[in-house]
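J.: Sequence:
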Amino acid sequence: MSLDHETLARAVAAHGRVARLVVALAEGSTPRETGAAMLVWADGQSGTIGGGALEFEAARSARALLAGGGAQSLSRIPLGPAMGQCCGGAVTLLTEVFDARALAALPDAVFARNVNGPARPPLPVQRLLRAARSSGQPPATQFTGGWMVEPLAEPALPLWIYGAGHVGRALITTLAPLPDFAITWVDTAATRFPDDIADGVTRLIAANPAETVAYAPPDAHHLILTFSHALDLELCHRLLSRGFGGAGLIGSATKWARFRTRLARLGHSEAQISRIQWPIGRPELGKHPQAIAVGVAAALLARAKTQHAAKDATG
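Residue numbers (the numbering used here): 2 to 316.
Please keep in mind that the hints were generated in silico from the structure rather than gathered at the bench.
It cannot be assumed that every hint is accurate.
Here are the computed distance ranges between Cβ atoms for each label pair [to be verified]:
1) ALA15 - THR255: 54 to 62 Å
2) ARG114 - THR255: 39 to 47 Å
3) SER229 - ARG204: 30 to 38 Å
4) PRO195 - ARG114: 38 to 46 Å
5) THR49 - THR255: 40 to 48 Å
6) GLU58 - ARG283: 14 to 22 Å
7) ARG276 - PRO79: 48 to 56 Å
Virtual Cβ for every residue (Gly too), placed ideally from N, Cα, C.
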């Protein structure tokens, strides 16, 4: 796993001083793996390092560190004896406090820092950093020689969702907690959206959502699920005219057959039209909004991981 700079930056902007807890080392059976992280501030938190007693006590300790003006702490926690958990393993937790100044000091690619080791990076860390520079590929998250090494997260996949109805809301609930996506949510009026929208989701209000297509990044993935078939068709037409990373459309087989015919009449080739995925999600899971969202999320996660792997392979 990687350090998610965007999520950390949003938390610092909202709350000032924020504690980041990361699993520096996971030994034996543990709830989460090395690199799992969460953020804690005075009256809230986000992310998870496994829940239960471990997370409760870790969050309590992090708030004490924030209140006391501390900057960093490291602790090894045997889950059985200390927490009464049946995992049987041990977790080494690194807690670090970030504010705007600390955030600005983060490097671009790999965050390597001394925790309880020598002042200069030990030889294993030097080798990791040299290998990362020469290959262009980030090292795995690890705690070695008293130093913590974490790559910064890959840029999130731009995801544009058109429609704030039942399926749109289910998609946001499922996808917003994931660090893999930068979500823009589009609809025609503020009243179409819920009162509370997850952090990291950009709400975009437009009288004609089809006009917002021009502002999406070229590699964005688009999900079309508005209240209007006419608007859905116009969104498909604009996307096909402009280009996109990926696109999906919700609706019946009859709707898609009509759309294919109309899009062809608008001048789009069969190959172009076939780039729009229909149906979205996994039909065998059913038509419940949350079932659709689960299927869509699985497909998008696979897409995001494939894109990151391809980028790593090409350097």
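J.: Are the hints correct? Go through all of them and say.
T.: Evaluation of the provided hints:
1. ALA15 - THR255: 54 to 62 Å: 46 Å, violated
2. ARG114 - THR255: 39 to 47 Å: Roughly 58 Å apart at Cβ, these two residues miss the hinted range, so it is violated.
3. SER229 - ARG204: 30 to 38 Å: At roughly 19 Å between Cβ atoms, ARG204 and SER229 fall outside 30 to 38 Å, so the hint is violated.
4. PRO195 - ARG114: 38 to 46 Å: 39 Å, holds
5. THR49 - THR255: 40 to 48 Å: Between THR49 and THR255, where Cβ atoms are some 43 Å apart, the hint holds.
6. GLU58 - ARG283: 14 to 22 Å: 39 Å, violated
7. ARG276 - PRO79: 48 to 56 Å: With Cβ atoms ~53 Å apart, the hint holds.
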